[in-house]
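This is what each chain is made of:
Protein chains: 2
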Amino acid sequence: MSGPIELLVCTTCRRGQPLETDRPVAGALLHSALADRTLPQDIDLRAVECLSNCSQGCSIVLRGRGRWTYVYGNLDETHDIDGIVDGAARYLATPDGIVPWRERPAKFRKNCIARIPPLEIADD
Amino acid sequence: MSGPIELLVCTTCRRGQPLETDRPVAGALLHSALADRTLPQDIDLRAVECLSNCSQGCSIVLRGRGRWTYVYGNLDETHDIDGIVDGAARYLATPDGIVPWRERPAKFRKNCIARIPPLEIADD
Numbered sequence: 441m442s443g444p445i446e447l448l449v450c451t452t453c454r455r456g457q458p459l460e461t462d463r464p465v466a467g468a469l470l471h472s473a474l475a476d477r478t479l480p481q482d483i484d485l486r487a488v489e490c491l492s493n494c495s496q497g498c499s500i501v502l503r504g505r506g507r508w509t510y511v512y513g514n515l516d517e518t519h520d521i522d523g524i525v526d527g528a529a530r531y532l533a534t535p536d537g538i539v540p541w542r543e544r545p546a547k548f549r550k551n552c553i554a555r556i557p558p559l560e561i562a563d564d
Numbered sequence: 441m442s443g444p445i446e447l448l449v450c451t452t453c454r455r456g457q458p459l460e461t462d463r464p465v466a467g468a469l470l471h472s473a474l475a476d477r478t479l480p481q482d483i484d485l486r487a488v489e490c491l492s493n494c495s496q497g498c499s500i501v502l503r504g505r506g507r508w509t510y511v512y513g514n515l516d517e518t519h520d521i522d523g524i525v526d527g528a529a530r531y532l533a534t535p536d537g538i539v540p541w542r543e544r545p546a547k548f549r550k551n552c553i554a555r556i557p558p559l560e561i562a563d564d
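Residue numbers (the working numbering), protein chains in the order written: chain A, 441 to 564; chain B, 441 to 564.
Just chain A, with the same shape it has in the complex (with noise of 0.2 Å):
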């Protein structure tokens, strides 16, 4: 199975840190950072509220029907924006999620924070 790929963002990461009410946070930036990149027809860039993974933030998901689901942390808004653009679209090109280790881009390859497989329950 192939088909469309949706990249979640936490958009409420602070990263630990404490709040400044003068800035956008930590996940706010990143989103807008990749809101500003060009990417694949195929993959829908969304903004969600807490993926739960503040102690480890910033914090993304790559996930599709039918795909394994991966959740990457301690990425950069300023650093790693060529690698989650590099590794989403790497992850669209698969038909299960599942790209070889050695052509995760670097940041990916050390930041996993968990994987989940392809959901079993039938279609209602």
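Be aware that one or more of the hints could be misleading.
Copies of the same chain are indistinguishable here, so a pair counts whether it falls within one copy or spans any two.
Computed list of lysine to any residue pairs in SDA-like fashion (alpha-carbon distance at most 25 Å, straight line) [claimed, not checked]: (1) K547 - R530; (2) K547 - R455; (3) K550 - L459; (4) K550 - T452; (5) K547 - P444.
In short, the hints are calculated from the structure, not lab data.
All values derive from a computational prediction rather than experimental measurement.
Let chain A serve as the given structure and place chain B on it in line with the hints.
Chain B alone, transformed into the frame defined by chain A:
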């Protein structure tokens, strides 16, 4: 939306410890202990290989169609079985997978590794 849910258990988890070849790994013991319990019919217990939460295992996932997915870690194969069974039943009882924080088992409250919103990609 409601319906059946999956309780995934990482059966390859060694909780970051060296492999002892003369006994099952912690994840396998956790799965076995849960398999010995009588779970509600709509909870499908599934063994999975590596949820990639190795440094904070043992790990489980609760998820279902149209529900939030939760990854829990730092679980013990002897002391946390009651809590996991209770938490899974409470998750099953909700329409969207969101159990109010105060109603979650204590171990779940402090050991949520990540949560992921329901998939929004349309069915094929």
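For each hint, the structure was consulted:
no. : hint        : result
1   : K547 - R530 : within (14 Å within a copy, 36 Å between copies)
2   : K547 - R455 : both (16 Å within a copy, 23 Å between copies)
3   : K550 - L459 : between (27 Å within a copy, 22 Å between copies)
4   : K550 - T452 : both (23 Å within a copy, 19 Å between copies)
5   : K547 - P444 : within (23 Å within a copy, 36 Å between copies)
Comparing the model with each earlier hint shows no violations; every hint is respected.
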